[in-house]
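Protein chains in written order, with our numbering: chain A, -10 to 274; chain B, 120 to 700.
Mixed in with the good hints there might be a few duds.
Among the chain A residues that face chain B by a calculated CB cut under 8 Å, a handful are [what the hints assert, rightly or not]:
#1 68
#2 93
#3 262
Rather than coming from a laboratory, the hints here were simulated on the basis of the structure.
The C-beta atom is built at its ideal place from N, Cα and C for all residues, glycine as well.
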Amino acid sequence: MSAYDANLDYVPTWCPGCGNFGIINSLKKAFAVLELDLEQTVLVNGIGCSSKIGQYINCYRIETLHGRTLPVATGVKLANHGLTVIAEGGDGDGMGLGMGHFVHTARRNLDISYFIHNNQVYGLTKGQTSPTSEPGMFTKFTPPPLGNVERPVNIVDMAISLGASFVARAYTGNMNQLTDMMAQAIRHRGFAVVDILQPCVSFNAVNTYAWYQQRVRTIGGDHDPSDRERAKALAGIWGDEIPVGVFWREERPTFADSLPQLKGGPLTAQPLAGADISSLMEELA
Amino acid sequence: MRSDFSCLFAGEAGYGVMSAGSTVAKAAGRNNLWAFVVNEYPSLIKGGLNTCLVRLAAAPLPAHEEMIDCLAVLSQDGMEQNYGRVQPGGLLIADASLAVDSSRLARGVRVYQLPLLQKGSGDVAKIMSNSAMLGAFCALSGFPADLIEAVLASEFKPEVFEKNRLLLRATYELAAQQTAAAVFPLPFSEPPARRMLINGNDAIAMGALQGGCKFAAGYPMTPGSSVLTYLADYGPAFGLVFKQAEDEIAAINMLIGAGFAGARAIGATSGGGFSLMVEALGFAALAEVPLVMVNAQRGGPSTGQPTRTAQADLAFILNASQGEFLRIVVAPGDIEECFFETFRAFNLAEKYQLPVIILTDKYLADSAATHPFFKTEGLAIERGKLADPDWLAAHQPYKRYEFTADGVSARALPGTGGGRHIATSYTHGEDGFYSSGNREYAGSEPEVTVKALDKLFDKEPHILAELEAVRLYGPETAELTLVVWGSTKGAALAGMELATAAGLSVNVLQVVYLSPFPAAAVAAILGRSRQTLLVEGNKTAQLGGLVRMHTGIHLANRYLKYDSRAFTPSQILLKIKEVLA
Ligand SMILES: Cc1ncc(C[n+]2csc(CCOP(=O)(O)OP(=O)(O)O)c2C)c(N)n1
Ligand code: SF4
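With the rest of the complex left out, here is chain A (with noise of 0.2 Å):
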């Protein structure tokens, strides 16, 4: 298959200039990457701009509710462990209300890829504070003088220290890296989170396309993915410098690997009818 499998017609109703226009192209180029079979892929979305991803994107595709895509992919994940499961959404999405979903979900470590578009801000609801927003910054809902008072969310070194299996950050302005981030989560067994630095243009005036442009660095070749100790040290570090790349990665069986019940094939492969209750009763006799 090629990229241009995955496009639909519809336009996008993104503002010109938004960061989520990168994130879906580097998406498709993943797609074609790793010759995904569409047909046998779901894209899980929840509820603003970057969840609107789904809607642009020809996979088979479940457009959720505001902060529920982890459950929504792990069920369908768990009913039919056969198919490559992504969720995607927003960093208010999956931090704000998602946050307790996003918390238990890298626990279990299923084999779902999850990408979260960090624009560090509400875009859809026209720009209020997102638990990521950095201090100090001014939206709808943290005015001027005081703005937003509360320490952000650490996306990677969370994910790490929760236990996702793979955790990388990756950078809308630069496609190739963040089509590679992706292709590497997707094809990692286990539950894999990339945070992408999304610039939008319309209510977040701090985290610009300049602003990263200068910030971001890739993760140098030196660094062993495996190495937790400095994978977290490296998740500490955002400021004037902004590690991308992959932090960590490790080989561990997903929730599914240790069900019983699943070893034969998916449960939606199981037959339906013919369940034989006789034993149930008996027990009860």
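Dock chain B with the ligands against the given chain A, drawing on the hints supplied.
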């Protein structure tokens, strides 16, 4: 000869009164009697009064009664709270340490005090107290001890059984010395067919397994949890995966994911958990993802009464979630309906691609009854319009939400060639594409919105035509029609029988499916009734409101009970007499 016999086993939690009760019930069921068992327990882990009421009869029992023939009690609390329930001429069996105030007992109640509580070390000794209690119960009531032993033998490991048997026998001998053998009023014999002792939640879980359910997710909340416990326990042998979710919101969204992917999935909770799920309920409806959810009601509002019963979530369940959409709400009234309506729920959810809610309550979920083995022949799985690759090849471009006459469009499961689409929580057109703000729909949004909403409701007449949504018991026409839903059915049916025996003309209308509301069927039956009596377990006459809304019929006579306990036949009989007086 008496036609039934009730014993209440009471004691502090940890002494096994509930297993004593179910042992008697099982022994009775295996020997051609029928039991109805009601457990009452506070929301405590250690301590607190547990009671287990076992009512036995020679014919199937639909409900319990408050009054009892025998009280077997291990704690002072158990005595204080239940003096008044022992019938005149009944039996009181109490641990030797308890103070019995005979003046609070009815006429002719025989009192026996014996050493029942086992004071040995640890919980093992404690829990054997119930064997002593059973020994005394058998000796004093005349219930054959060997029938009890046979049940214990099949449930305990040999060493444990032997210890309990010895204690049971010793207490039996001690008690037997105090009285000329009492006669248990009911006949034992070989039953014609196998029977089980089963509660509503077990029946629901079995119905799910029979229905091909492969995935369950949930977060524990009494009294819904035991459906999940059952599936976690027995499900894997049927290829089912159970996932305990981090919260109810996650649980229902997992179910939606599984349903979208094509697995039959079920969740179970109680009102508080359901409250958290409601946004996703609407999502399932709009995305047309099949979903089956059990809400076992308990006292409310808020955390309410975890272990007590109520029928007060009806209005909430019917209206839960924003916007307007069609859902199926079924309220089984007994064990049989719990099993078969759950089986049907999966077919309905897939055929009509919508949420189906099974509405029960603590009384039905937790009360056990003797029941014949379910007859499963002829139960057919119906999946409705599932698009296979051939169909899809002939129907390109595939429209997941194609507008059809019956509102149902072919569902392509992920992984099926040619079926790629978007399922969405946004109002959408036939292609599933979002209607608002997009260039493609800019010119036709109002039209698409109307069609999209109509599509959900176009299913309604087909559902109503398919379902046996109301059931009428007793004569076609009667002086008085009891109108009930859910677990109240049992007490109403027994109340009707008592009334009939007293020469009154009564029938019972049970509304089994509360949504879509079977207005025509209800109106037809109520149109024939001279007088009505609405019987439901809430304060605001929720079914009454529904009947009025859909049929214009005002059910003026009401017996509303919201005291945390279920209706009993005698209570209903009193109301019937009041209305017909
Ligand atoms: C339960 C619920 N609460 C609030 C909203 C409104 N809402 C829609 S998108 C959004 C925030 C989106 O922010 P983010 O996830 O960062 O995505 P972005 O739009 O920035 O890409 C909110 C609050 C909603 N749809 N549902
Ligand atoms: S508001 Fe921001 S995130 Fe949303 S489309 Fe516009 S630029 Fe993109």
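Taking the hints in turn, this is what the structure says about them:
1. 68: Interface hint status for residue 68 of chain A: holds (4 Å vs cutoff 8 Å).
2. 93: 4 Å, holds
3. 262: 5 Å, holds
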